[in-house]
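Protein chains in written order, with the numbering used here: chain A, 16 to 383; chain B, 16 to 383.
By construction, these hints were calculated from the structure, which means they are not laboratory data. From a predicted model like this one, the values you see are computed outputs, not experimental measurements. Among these hints, one or two may not hold up.
The list treats identical chains as one, so a pair stands whether inside a single copy or across any two.
What the hints assert, rightly or not - Here are the simulated SDA-like cross-link-like pairs (lysine to any residue), alpha carbons at most 25 Å apart as the crow flies: (1) Lys79 <-> Ile56; (2) Lys308 <-> Ser292; (3) Lys70 <-> Arg84; (4) Lys307 <-> Glu284; (5) Lys68 <-> Ala44; (6) Lys307 <-> Arg78; (7) Lys287 <-> Asn252; (8) Lys283 <-> Lys307; (9) Lys99 <-> Lys217; (10) Lys146 <-> Pro100; (11) Lys308 <-> Arg203; (12) Lys68 <-> Ser148; (13) Lys99 <-> Lys223.
There are 2 protein chains.
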Amino acid sequence: MTVLKDQSKAGAGRTIISIDAMGGDKGPAAVVAGISHSAKINPNIGFILHGPKAKLEKLVDRRKNLAGRCEIRDATDIVSMEDKPAQVMRSGRDTSMWSAIESVRSGEATVCVSCGNTGALMALSILRLRKLSGIYRPAIAVMWPSRNPQGLNIMLDGGADIRADAKDLMQYALMGTSYARNGFGIERPRIGLLNVGTEEHKGRSELKEAYDLISANARRAEFEFVGFVEGRDIPGNVCDVIVTDGFTGNVALKTGEGIASLISDLLKEAFKYSPLSRLASVLAYTSLQRLKKRVDPRRSNGGVFLGLNGTVVKSHGAADATGVSAAVKLAYELAETGFTEKLAARVASAAPLDQDDPSEAKSDGETQ
Amino acid sequence: MTVLKDQSKAGAGRTIISIDAMGGDKGPAAVVAGISHSAKINPNIGFILHGPKAKLEKLVDRRKNLAGRCEIRDATDIVSMEDKPAQVMRSGRDTSMWSAIESVRSGEATVCVSCGNTGALMALSILRLRKLSGIYRPAIAVMWPSRNPQGLNIMLDGGADIRADAKDLMQYALMGTSYARNGFGIERPRIGLLNVGTEEHKGRSELKEAYDLISANARRAEFEFVGFVEGRDIPGNVCDVIVTDGFTGNVALKTGEGIASLISDLLKEAFKYSPLSRLASVLAYTSLQRLKKRVDPRRSNGGVFLGLNGTVVKSHGAADATGVSAAVKLAYELAETGFTEKLAARVASAAPLDQDDPSEAKSDGETQ
């Protein structure tokens, strides 16, 4: 799959992103507002928008800057947050989610963006796009605000699969390396394996096995393995990529969101407390907005599904226009760098890494 | 074990807390400053302080309010943060940590407080105090700032054991119930089982089994089971006690600390940014201090080891005087309410709960 241009009514010379208009908590209006914002900023994006045609036409027609840049594909059915993945796989053919993935499968669009049900989106993505050769468990890579120069760290798996064995965790390290290199421009990303302590003797047995496997492959796959890291290192600066299973990753992600949201609410309360503190909040407004922007999950919005023949960006279910626009920006950047192909090449070149004699395999020298 | 008074040189009529003076990152001076602060506030506490006698005498003599309320027990050796639990169990007899636990074992003190190496402290506590009858895995209960009226939630296991099967998780629910009842005065605590989603079909198989086991015992054990909860509910208000295995709990705890510390540092930066924001930080000082107090881990300092014949409070390794004093306050409250005995009675009465016919067992009606 390459970056396709001139392929649809969404406009000549543009990178086409496939958008699932439905399934987010805030409905299609927020999605259309988000892509409109992206279209305004970036003249090189075009969209294929999936959902109920009449409804979407009304919303798109109101946005002048989407004229000639957004093709609508009618899809009458919607995947709800409550739908079970297995059920959607059986009878989801008419949903906007299915249709949005189909545009990537057919090659009309390079990347798909959806705010919908994560489990269903992953199940349909695996069903329609298929896993990359050599990948047993695809993963969701998510961004964290961090103390690193790039301001963000990558963690995977954020919740695609509740299990991961040592080999899966090694593949997460490879995929995370590729993502950090293409997404952040870090030549030699530092990889950490999440555990309850940094000592080598600690933790579950599959983690010790993964430690050895990742360690053995660090040099050839051109990442630096910093060894075991702890929960506090996820937003820290000792590594750029944190590798863990999807159960632990999902709990960590939601815990971080919960704490950030509690502190934010308490901060608002604190500033309302007295006339003096209300005045302070006015004076500190700009500084506080900068802080908010730095830790705002909407700005780093977009979990990326890795390990498939095609790239899917999962936006937060509660994403508003700002969140959708951030996910579109990420999708565009991944499309432009040819991320899908580079990741596939990285995984393919690494396939013999866990064999008995890895010294036989050759690296093709390309940055993946 | 009951609350012992008049048993030592630490003073007549006082509740005696055994203190490991060594092993914290900030050394014995911070520990002595912390207990001195506690002694000032609460005239009913006495201390047995364990560590190198000459060194401790100097520190204690400088604090007038510790005169006649602090007995020193000489212990020449120290457990370092790097020492492995197995090694400490073999050759830790002369350490201040061993000596501090011994005071609880002998009944001289009701509760032990240590800032030292968690793994070693748990190993020595199990070795010397022994597990409560019927408990397979003791747990560390930790406090989280939360949206609940009590301002804090309890999570267990915070990292005593990286594994927990369904029966262990059920016992954590019982122990957490007892702790919430005695620590927060909540008559019928709400228990949540940590998972990656709130739907019953989600998550690992041992969690489904634990779900059924906890659910079946909720009525008799007088807690409310709210079912599966997610990471964001740990600092939330849907439950008072969050049950999980020690691996997941430890990752969540350290992730929460990491995010809170990142936000706190970014907030400080934001307030330094411009003359206006510096003025704002002065005006908002009181409000911000109140916020800091609310989420400060030093204020809710103290993980409690549950499931042993005796109560051990693990203070944060980096605890300063404020942190040590908070841990002493918690230790005193647990001693005063006869927590150890009530927890033991709760576990004993619940022992038949997971048998085939639980309806045969009788509750003794006491609040445990």
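Verification of the hints:
In the homo-oligomer, the alpha carbons of Lys79 and Ile56 lie at most 25 Å apart inside one protomer (14 Å), although the nearest pairing across protomers, at 68 Å, exceeds that limit. Taking the closest pair of Cα atoms, Lys308 and Ser292 come within 25 Å of each other both inside a single copy (21 Å) and across two copies (17 Å). Within a single copy, Lys70 and Arg84 get their C-alpha atoms as close as 17 Å, which meets the 25 Å cut-off; across copies the closest is 77 Å, which misses it. Proximity of Lys307 to Glu284 under the C-alpha cut-off of 25 Å is found in both arrangements, the shortest distances being 15 Å within a copy and 12 Å between copies.
In the homo-oligomer, the alpha carbons of Lys68 and Ala44 lie at most 25 Å apart inside one protomer (13 Å), although the nearest pairing across protomers, at 72 Å, exceeds that limit. Taking the shortest alpha-carbon separations for Lys307 and Arg78, neither the intra-copy value of 28 Å nor the inter-copy value of 45 Å comes in at or below 25 Å. Within a single copy, Lys287 and Asn252 get their C-alpha atoms only as close as 34 Å, which misses the 25 Å cut-off; across copies the closest is 22 Å, which meets it. Taking the shortest Cα distances, Lys283 and Lys307 sit within 25 Å of each other both inside one copy (12 Å) and across copies (13 Å).
In this assembly of identical chains, Lys99 and Lys217 lie within 25 Å of each other by CA distance solely across copies; the values are 10 Å between and 37 Å within a copy. In the homo-oligomer, the alpha carbons of Lys146 and Pro100 lie at most 25 Å apart inside one protomer (17 Å), although the nearest pairing across protomers, at 43 Å, exceeds that limit. For the identical chains of this complex, Lys308 and Arg203 are neighbours neither inside a copy (27 Å) nor across copies (41 Å), given an alpha-carbon limit of 25 Å. For a Cα distance limit of 25 Å, the shortest separation of Lys68 from Ser148 qualifies neither inside one copy, at 36 Å, nor across copies, at 66 Å.
Taking the shortest alpha-carbon separations for Lys99 and Lys223, only the inter-copy value of 17 Å comes in at or below 25 Å, while the best intra-copy value is 34 Å.
When each numbered hint is compared with the structure, violations occur for hints 6, 11 and 12.
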